[in-house]
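J.: Each chain, letter by letter, is given below.
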Amino acid sequence: MLKIDQLKASIEGKEILKGINLEVNAGEVHAIMGPNGSGKSTLSNIIAGRDEYDVTGGSILFNKEDLMELEPEERAHLGVFLSFQYPIEIPGVSVTNFIKTSINETRKAKGLDPMPAKEMLKMMREKMELLEMDRKFLNRSLNEGFSGGEKKRNEIFQMAMLEPKLAILDETDSGLDIDALRIVANGVNKLKSEDNAVIVITHYQRLLDHIIPDVVHVMLDGRIVKTGDKTLAYELEEKGYDWIKQELAETV
Amino acid sequence: MSDENKMLEEVTTSEYKYGFYTDVENDAIPAGLSEEVVRLISAKKNEPQWMLDWRLNAFRKWSKMKEPNWQKVNYVKPDYEAITYYSAPKKKVGPDSLEEVDPELLKTFERLGISLEEQKRLTGVAVDVVVDSTSVATSFKEKLGELGILFMSMGEAIQEYPDLVRKYLGTVVPPADNFFAALNSAVFSDGSFCYIPKGVRCPMELSTYFRINAAGTGQFERTLVIAEEGSYVSYLEGCTAPQRDENQLHAAVVELIALDRAEIKYSTVQNWYPGDKEGKGGVYNFVTKRGICHESAKISWTQVETGSAVTWKYPSCILKGDNSIGEFYSVAVTSNRQQADTGTKMIHIGKNTKSTIIAKGISAGESDGSYRGLVKVMKNAKNARNFSQCDSLLMGDKCGAHTFPYIEVKNDTAKIEHEATTSKIGEDQIFYCKQRGLGEEEAIALIVNGYVKEVLNQLPMEFAVEAQKLLEISLEGSVG
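Chains A and B supply the protein sequences, listed in that same order. Per our numbering, numbering of the first sequence is gapless, rising by one per residue and ending at 513. Per our numbering, numbering of the second sequence is gapless, rising by one per residue and ending at 470.
Source of the hints: derived by calculation from the structure; they are not laboratory data. Errors might be hidden in some of the hints.
As the list claims (entries may be wrong) - Partner residues are not named here, just some residues of chain B that face chain A (Cβ under 8 Å, in silico): (1) K369; (2) K400; (3) D402; (4) A404; (5) L428; (6) G429; (7) I437; (8) Y441.
As the list claims (entries may be wrong) - The calculated BS3-like cross-link candidates involving lysine-lysine, where the alpha carbons are at most 30 Å apart (straight line), are: (9) K459(B) - K369(A); (10) K67(B) - K310(B); (11) K369(A) - K414(B); (12) K459(B) - K397(A); (13) K383(A) - K443(B); (14) K414(B) - K275(A); (15) K35(B) - K62(B); (16) K264(A) - K506(A); (17) K397(A) - K443(B); (18) K443(B) - K361(A); (19) K397(A) - K369(B); (20) K400(B) - K369(A); (21) K451(A) - K269(A); (22) K426(A) - K279(A); (23) K133(B) - K157(B); (24) K325(A) - K264(A); (25) K335(B) - K379(A); (26) K371(A) - K459(B); (27) K361(A) - K67(B); (28) K414(B) - K361(A); (29) K459(B) - K379(A); (30) K310(B) - K400(B); (31) K335(B) - K414(B).
Don't be surprised by glycine CBs; every beta carbon is placed ideally from N, CA and C.
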């Protein structure tokens, strides 16, 4: 589904990604772990199409389409979804209106008519139940005055509504208490299928207790330096990142 | 230029989409202004002597006045000798049905998406259409007549209800109030007159579409709305203008009189031709709008200003009666090289008077938008309350937004609150929307609509839809 080859990127002349290789297949959950500043968020932003980075080399293919040739909204229409680390406030635009616009713009791009209101409301009700959200939520201004946890839950709600092929969860666990974490993870698990894939970006093991990854990658200084199964996450939790750094130094 | 700016520029520099004009024969008098011209206008309209005297008095005062220049706008002052002060379509005035209306005009309205037929059928709005200073279509008059509501052109009102006009005309905006009001008082050609009898709640929104439609013709509309004790009326005013090369002056005067316990809601969507990308051409919109509230009366102004090269406009409320209420809700959009200096004045005279001001400015391109507002609390206005909120939204980094709030309080029981914010449409917000599948234009439209929602909510439903469309068009570009 997603194939990243030798991706290099910099911002203001500073190289942040130094050759990323990553392959994610449908039905898989990948976790990318790593300390602050290792380039995890840069990677997710570049996949989604944020243009403040200079991509200096490599390629990103999504179902064989070259993502680098596409606008962010075109990538979204193909089914790429990014759950933002810091969701953005849009005053005066209700959650309902935002999701409605989002779904219908995506449908328009596919040549479909807008989703009938009744169908959309039904879907919203179901997904809200899944994420144990209050109905009042729908009428609030998007992310305005939301607590950290509410913002993250709202991201997952949007994901549930948009049913993407590839969901990238950028530190969705930060700002969530234990209960919210369980609810959000539960939602993600229920939405998982053979046809879609999830990339979970996180510092901590705790989210991975709930969303079990098939593959765990460790990112350090702009590179994926180690890849393993879920046991790698436990190892990291226990020992930190220093041992990997050491291992690397020894290989060099 | 950063990508964000490039993109913003693209979406904020679209050409004026309503740039066409209708070919209707005109009956115009020669350009220039003199006592003779004033007499000629009055004679053409077959006015009584008192009306002519009133005009002449205004003209003499105007002749001694100077064009103001304290507002934060730059423009080439109009050549008042080059303006034609009267023009009327040659077709007979006052058709009984749409079939009698010049088909060219109907076509114009259809192109604007505001065809009379549609409006009549779908909304039940009585439309008094003002094209080139003279009313050419009046509808629903009979139905309103049953309730004793008068809704007609000012010209007709002067003929048919001279006592009412004489009693109220110029009582809120005196002829010598300011340079442009004086000019209007001398040469006003037509406009709307509306009278709601005591205790009557007007069952439909009264609506007038204005349209400048002859080269070189200044437009001097005069509107008078009188709401008798305990009555209610919602009045809509909207306009679009065809593309022009030379500047057109629009100096209207609107007077609202809300007697005891009456309520007037006055909504405007203004989309005069703003000039081209270089700021050439475009309408000068210098309007005086003011209402007076008697005891427990309420006046609410809502405006969506997207057009004009230069706008200079302060819909105001004189809260004369105790417990009266004044409201001002405004969205002012400037793009390209447009300039707007707009706001309101709330004059608290009576006790327990309340006023609310919500002003939202949107500046794009190289435009300049200013909010200028005065809240004045007089000595006897015990317990006056005001809440003001002035927000500015900037698009790109070449535009400007300014806020000039003036507060004068002469009674220490007054409570005045003022809030102001300035924000920019951020790359973050746009990227967030794009990630969710919205294109650039949709993203900006969504963000802008969210920003102005509080004001648009004040508009009647069908008008809010049109206002939203206008906002999108004025900020729309070549993208997509």
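J.: Taking the hints in turn, state whether each one holds.
T.: Okay, the hints, checked on the actual structure:
1. K369: Given a least distance of 39 Å, the restraint on K369(B) is violated.
2. K400: violated (36 Å)
3. D402: violated (35 Å)
4. A404: With a minimum Cβ separation of about 30 Å from chain A (threshold 8 Å), the hint on A404(B) is violated.
5. L428: holds (5 Å)
6. G429: This hint holds: G429(B) lies near chain A, its Cβ roughly 5 Å from the closest one there, short of 8 Å.
7. I437: holds (6 Å)
8. Y441: holds (6 Å)
9. K459(B) - K369(A): Distance ~19 Å between K459(B) and K369(A) Cα, so the pair holds.
10. K67(B) - K310(B): Answer violated: K67(B) to K310(B) is near 35 Å, above 30 Å.
11. K369(A) - K414(B): holds (29 Å)
12. K459(B) - K397(A): Holds - the C-alpha atoms of K397(A) and K459(B) are around 29 Å apart, at most 30 Å.
13. K383(A) - K443(B): holds (26 Å)
14. K414(B) - K275(A): The hint holds at about 27 Å.
15. K35(B) - K62(B): Roughly 37 Å separates the two Cα atoms, so the pair is violated.
16. K264(A) - K506(A): With a Cα-Cα distance of about 26 Å, the restraint between K264(A) and K506(A) holds, given a limit of 30 Å.
17. K397(A) - K443(B): With a Cα-Cα distance of about 19 Å, the restraint between K397(A) and K443(B) holds, given a limit of 30 Å.
18. K443(B) - K361(A): Given that 30 Å is the threshold and the Cα spacing comes to 17 Å, the pair holds.
19. K397(A) - K369(B): violated (46 Å)
20. K400(B) - K369(A): Violated, at about 59 Å.
21. K451(A) - K269(A): Since the Cα atoms of K451(A) and K269(A) sit roughly 34 Å apart, the hinted pair is violated (cutoff 30 Å).
22. K426(A) - K279(A): holds (27 Å)
23. K133(B) - K157(B): holds (25 Å)
24. K325(A) - K264(A): holds (8 Å)
25. K335(B) - K379(A): Violated, at about 46 Å.
26. K371(A) - K459(B): Cα-Cα ~24 Å, so holds.
27. K361(A) - K67(B): violated (48 Å)
28. K414(B) - K361(A): Satisfied, since the Cα-Cα distance of roughly 24 Å is no more than 30 Å.
29. K459(B) - K379(A): Judged against 30 Å, a Cα distance of about 25 Å means the pair holds.
30. K310(B) - K400(B): At roughly 15 Å apart (the allowed maximum being 30 Å), K400(B) and K310(B) satisfy the hint.
31. K335(B) - K414(B): holds (27 Å)
Hint compliance for this structure: hints 1, 2, 3, 4, 10, 15, 19, 20, 21, 25 and 27 are not met, and every other hint is.
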